[in-house]
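Produce the entire structure from the sequences given, and follow the hints as far as they go.
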Amino acid sequence: MDKIETHITISDLTMAYGDFVLMRELNFTINRGDIFIIMGGSGCGKSTLLRHMVGLKVPAKGKVFYGGISLWDAGSEERAQLMRRFGILYQSGALWSSMTLAENVALPLQQYTDLSDQEIAAQVSLKLALVGLSGFEEFYPSEISGGMRKRAGLARAMALDPEVLFFDEPSAGLDPVSAKRLDDLILQLRDSLGATVVVVTHELSSIFAIGNNSVFLDPETRTMIAAGDPNLLLRENNDPRIQNFLTRGQAEGTLI
Amino acid sequence: MNEAAIHLKRLPGEILAIHLAGKWQLGKDVPSSENVRAELIARPPVRGIVFNTDGLSFWDSSILTFLVDIMKHCVEEGIKIKSDGLPTGVRQLIDLATAVPKKEDAQKSVVDESVLSRVGSEAIQFVKSTGELISFVGVTSIAIARLIQGKARFLSSDLWLLIQETGIQAVPIVSLISFLVGLILAFVGILQLQMFGAQVYVADMVSIAMVREMGAIMTGIIMAGRTGAAYAAQMGTMQVNEEIDALETLAISPMEFLVLPRVMALTLMMPPLVLYADLMGVLGGAMVARLYGIRLTVYLNRAIGALNLYHLFIGLFMGFVFGVLVSMSGCLRGMQCGRSASEVGNAATSAVVTGIVAIIVATAVITVICNILGI
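Top to bottom, those sequences are chains A and B.
Going by my numbering, the first residue of the first sequence is number 1, and it counts up by one from there.
Going by my numbering, the first residue of the second sequence is number 1, and it counts up by one from there.
Possibly wrong hints are sitting among the right ones.
In the SDA-like style, the derived pairs of lysine to any residue whose C-alpha atoms are separated by at most 25 Å in a straight line are [unchecked claim]:
1. A/57 x A/202
2. A/57 x B/136
3. B/128 x A/81
4. A/63 x A/81
5. B/151 x A/74
6. A/57 x B/134
7. B/72 x B/31
Per label pair, the in silico range of CB-to-CB distance [said to hold, decoys possible]:
8. B/72 x A/249: 20 to 30 Å
9. B/142 x A/249: 32 to 42 Å
10. A/173 x B/47: 50 to 60 Å
11. B/98 x A/138: 32 to 42 Å
12. A/249 x B/123: 43 to 53 Å
Listing some non-contacts, in silico: residues in chain A with all C-beta distances to chain B over 12 Å [stated by the list, open to error]:
13. 51
14. 180
15. 185
16. 209
17. 244
Please keep in mind that the hints were generated in silico from the structure rather than gathered at the bench.
Even for Gly, the Cβ is constructed at its ideal location relative to N, Cα and C.
Printed below as a string of structure tokens:
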């Protein structure tokens, strides 16, 4: 990363369900090539923030910019264009259960490229091989394990060589070794594809291992209380809530 | 010494000693904390409590609820608690249970609504759901327009599979039900007609009733229970699994990808199924007529003579309309589904109810219109 270039900007974002305000006044920027962590305690709105960023939920107030284009002010065609450059790994994989893994990965390619069937099949094999699932093309999502479903979801997310990869709790439900492998995979993909990565997680080992930028959401004050490199936050930010989170409650010495 | 028991004893300095003895087990007879509480507020006021558990042979959660209750009371009354007499395990569990204070605002407030406000919120809900219905019809129309322009995105393999599931696989149940309906109609009719010696008119009655109304209505209701519920459950499950989110974030419209092929499959398959149901119903009637001595050729000749193309077209048109209504209500409820297993069940139920109501209302409207047009 020679020069730093802003990729995603969140400006004065307020998230609400009806009258209930979940988070307000969120402001942060994500640079191209960052691995950006959205962290905070359970139920504070991390996944909801992700849904606002990927175009699933309209913000109550504020804007989400991708390289200068406001996602929610763009016309439907322009927004579709932007969203096509996203790859999203959902918490449970969200594979289409009536299709085989190969069909799952192939669908975005069929819809948005002019590739021939052979070329698509080659792409599908490549993407499945990248996540360590070659040979599983003809399996249905219900026939493989939870960890494999996640990896297959990642293969689908990478189908169109996205500019931004979103991960919703990638290591939830995975054993430590698989979680570590997924972290390594995320790092490798960022380095090789040059994609920007946004990860929702509260897994401390992942946060420190892969994150180089982050935002910390606090459910009590209903806003963000810090942003920046999580390693720096641990060393330099003295807010007890952040210290407590990043040290598993050791800073305060009590059970949370 | 196996019964759970408590003995209370006043010590000097207004200290209450609580002796716990025996086997404290959930589901068995254990003492209630009432006596202790009564003793705590008795005169002269108690200033502290201590415990003695020398006779305690076994304990589980029953002793914890007992002790937590007493301790809560003590805290309220400002009575000192000396808990070293308790077994270590009990002490640690009680510490854990009382470590985090009860979050008052976490309790969901259950407000008793007045009848007026309930009626009001139901009315608001009704207006909202009507709005949702109208907007669903709107986006489906847009999807159909894009289909006509050739811009809709869906898999043709999906469409063929759905046609097979909704059409061909429904043939056995449609055969059975419409055959029986024809049979029942004929039975009821022939008994009445016999009184006038006009039993041969049963052919007219059954064929017109089946072809014009009953074939379409019965097929529609079968489809509401079979296909409408299936659509709602499929799409509801996809909602729960975030599969619909995954489509949306790929900028593939679920309306085109999921709703369109389903609506098309059922709408295309309904008229042929209705035609088939008509035939089965007329055959059911023929069987009863045969039992009452009417020859098959006579029955069929009368049936053909009684029918005209208007009857047939009205029946087929109704089938087409029911196909649209049932598939749309299934998809609508599926798309509205929340994110839990019980929501999927509700979606399926509501799809069947909506489908059947829509069928009945549409039948009434079509019948009135036919009446006005004189056909």
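Interface exclusion of residue 209 of chain A relative to chain B, criterion Cβ beyond 12 Å:
Residue 209 of chain A is indeed farther than 12 Å from all Cβ atoms of chain B, at 26 Å.
Mind checking the alpha carbons of residue 151 of chain B and residue 74 of chain A for me, to see if they're no more than 25 Å apart?
Between residue 151 of chain B and residue 74 of chain A the Cα gap is close to 21 Å, so the pair holds against 25 Å.
Within a Cα-Cα threshold of 25 Å, do residue 63 of chain A and residue 81 of chain A meet the stated pairing?
18 Å, holds
May I ask you to test the hint 32 to 42 Å on the CB atoms belonging to residue 142 of chain B and residue 249 of chain A?
52 Å, violated
Quick check: does the Cβ-Cβ distance between residue 249 of chain A and residue 123 of chain B fall within 43 to 53 Å?
49 Å, holds
If I take the minimum Cβ distance from residue 244 of chain A to any residue of chain B, is it greater than 12 Å?
15 Å, holds
Holds or violated: residue 57 of chain A with residue 134 of chain B, Cα cutoff 25 Å?
21 Å, holds
Holds or violated: residue 128 of chain B and residue 81 of chain A, Cα atoms, limit 25 Å.
32 Å, violated
Residue 57 of chain A paired with residue 202 of chain A [C-alpha distance capped at 25 Å]:
Roughly 22 Å separates the two Cα atoms, so the pair holds.
Range hint 20 to 30 Å (beta carbons of residue 72 of chain B and residue 249 of chain A) holds or violated:
27 Å, holds
Taking 50 to 60 Å as the stated bounds, is the beta-carbon spacing between residue 173 of chain A and residue 47 of chain B within them?
Given range 50 to 60 Å: holds, Cβ gap about 53 Å.
Given the hint that residue 57 of chain A pairs with residue 136 of chain B, test it: the Cα-Cα distance must not exceed 25 Å.
Holds: residue 57 of chain A and residue 136 of chain B sit about 18 Å apart, inside 25 Å.
Hint violations for this structure: numbers 3, 9, 11 and 13, all remaining hints satisfied.
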